[in-house]
Amino acid sequence: MAPETLPPRTQDKPRSTMPREVARRRRHGGGRAWHPTLGAGLLPRVLTLLALALMAVAWLVPFGWGVDTSFKSEVDASASGVDWLPDAGFTLEAYRTIFGQGNLPVWAVNSVVIAVCVTALTVAVSAMAAYAFSRTLFRGRRVLFAVIVASIMVPPQILIVPLFRQMLAMNLVDTYAAVILPQVVAPAMVFILKKFFDGIPRELEEAARIDGAGSFRVFWNVVLPLSRPILAAVAIFVFINTWNNFLWPFISTSDPQLMTLPVGLSTVKDSTGLRNAQESAASVLGSLPLLIVFMLFQRRIVKSVATTGLGGQ
Amino acid sequence: MTPRPPRTTGWLFATPFLVFFGLFLVVPLGIGLWMSFTDASLTGAGGSTFVGLDNFTEALGDGQVWQTLGNTVWFTVLSTVPLVALALVMALLVYTGMPGQWLWRLSFFASHLLPVAVVYQIWNMLYQPDRGMLNGLLDLVGIDGIGWLTDEKYAMWSLALVTLWWTVGFNFLLYLAALQAIPDHLYEAAALDGAGAWRRLWSVTLPQLRRTTGLITVLQVMASLKVFDQIYLLTRGGPDGTTRPILEYIYDTGFTNYRLGYASAISYVFFGVIIILSLAQLKIFSRRED
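Chains A and B, in that order, give the protein sequences. At position 235 of the first sequence the residue is numbered 279 (this note's numbering), and the sequence of numbers has no breaks. At position 263 of the second sequence the residue is numbered 265 (this note's numbering), and the sequence of numbers has no breaks.
Calculated from the structure, these hints are not laboratory results. Just so you know, even glycine gets a beta-carbon here, dropped at the ideal spot from N, CA and C. Be aware that a few hints might be false.
Here are the simulated BS3-like pairs of lysine-lysine, each with C-alpha atoms no more than 27 Å apart in a straight line [as the list claims (entries may be wrong)]:
(1) B/Lys-155 x A/Lys-347
(2) A/Lys-239 x A/Lys-347
(3) A/Lys-239 x B/Lys-155
(4) B/Lys-285 x B/Lys-228
(5) B/Lys-155 x B/Lys-228
In silico contact screen, one side only, chain A against chain B (beta carbon under 7 Å); selected entries [claimed, not checked]:
(6) Leu-86
(7) Leu-96
(8) Trp-128
(9) Met-172
(10) Leu-291
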């Protein structure tokens, strides 16, 4: 069968039924005896499993090394290249030291505050704007939306110089506001949400309107509850990106009391490697929150990345 | 007729976003453009005077602009190819439904959740010339250790490797979702025609992923062109400027040398390059889809 003769999947099947289809296939264990891309017999399975295991090990070893080092004494941490078991045995020394002196808790709190604020603000203003573009008529709507979509192309990184100048002028350098406010602009999220809102049947809204609900009630009581999956997807996506954002928080803060985890951790780096254990311990603590969240909500997060990652295409 | 919302409602809903959009995207874009025609300085001494196209002519003749732009493109090539190819391989392997789905997804995607400072800490240890694990492993098989981050021959490759480890999980998830969306009946039809698993992979799966591959490649190129964090932390652009990306040059010009006007001009040159490259890519991929 030549590839060109295959019908594109969107033609014969509406996209929205896809997840249900996949879910049903999963529940019933496939529904057919064979796998689409995996050959029959034992050999393909063994080879696949072997390849997966090899790659998983390659991907996990750097992690493991970081964790391993964090439980070593400084002497062992800076001595050995390939020794997983330290001569002096494992110790909590590094963790004790950084808890005693570091700014780590402060940075963690800053990261949480900033990521939560950016996420909440972004979801709120983007959803409202998306509703306006999807469901209301106003002069200039089309042009404005085209400008917003075009602005997805503007890399935030080229704005850092003028933004910093602007923050100086607004007297905001070294404040939470300077870190948070510029990160709230997410035109791609408006685009994704508008696309989703466009797919919500208008009948539901009109029924509410006949019952006398105003626009805000319709938005709040009808549209938002129906959009929970996409709102969650956008929120997760924005949260992860904000949590790990480096360049802007790095430029807009110089006060250690206001730094986020990525910025704070990178300012205390010691390139000689003489404090490998302490810095590994700080790294472990710094990455733990998001990793735990991921392990708890893996399915949700995977879905979020899949729906927002391509900009809703 | 059902009642329609009044026309002011739209503005009311759009305004909060438009305020942010205006203040933190349109205004800085404008300020940047204005500054690129002035000699604005971070010290603010003497204000800024209009210098016409001086910054742009300086940028075009500035060897550093071309070198850092070249470095950025080289990094983009080195990182994009494996970041797309390996992500596809990972997704195809996980899609086989082998036991341990949760573990595979965790292994390949979790590194994407690490802050860059953690990535730096881990890889700086692995890459250390005398005590690092990678040279230790080379030593075990009898090969002399190399200067992963200090040798001009290897530094950019090492940075691409870190980037692959750090971010491949994102593309992997995009591919996995695309694989799961391929409808069963295509495979069933192919099987009826007598296609085996290998044949179905080549004739159904890969053609169905063409659009996804195009999108992932475009997004990856854009992301790689904007590289800064991991290079800044791991090599500061060294050895001898051979890994310095253009964003680091912009940062150094603006925040170390205080030349905001010139830094803005370079930003706009870079923006122009990005726009040209993305339009070119869109053209290539939309033609291929016909």
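Exercise for the section: Mind listing which of the numbered hints don't hold for this structure, in increasing order? Expected result: 1, 3, 6, 8
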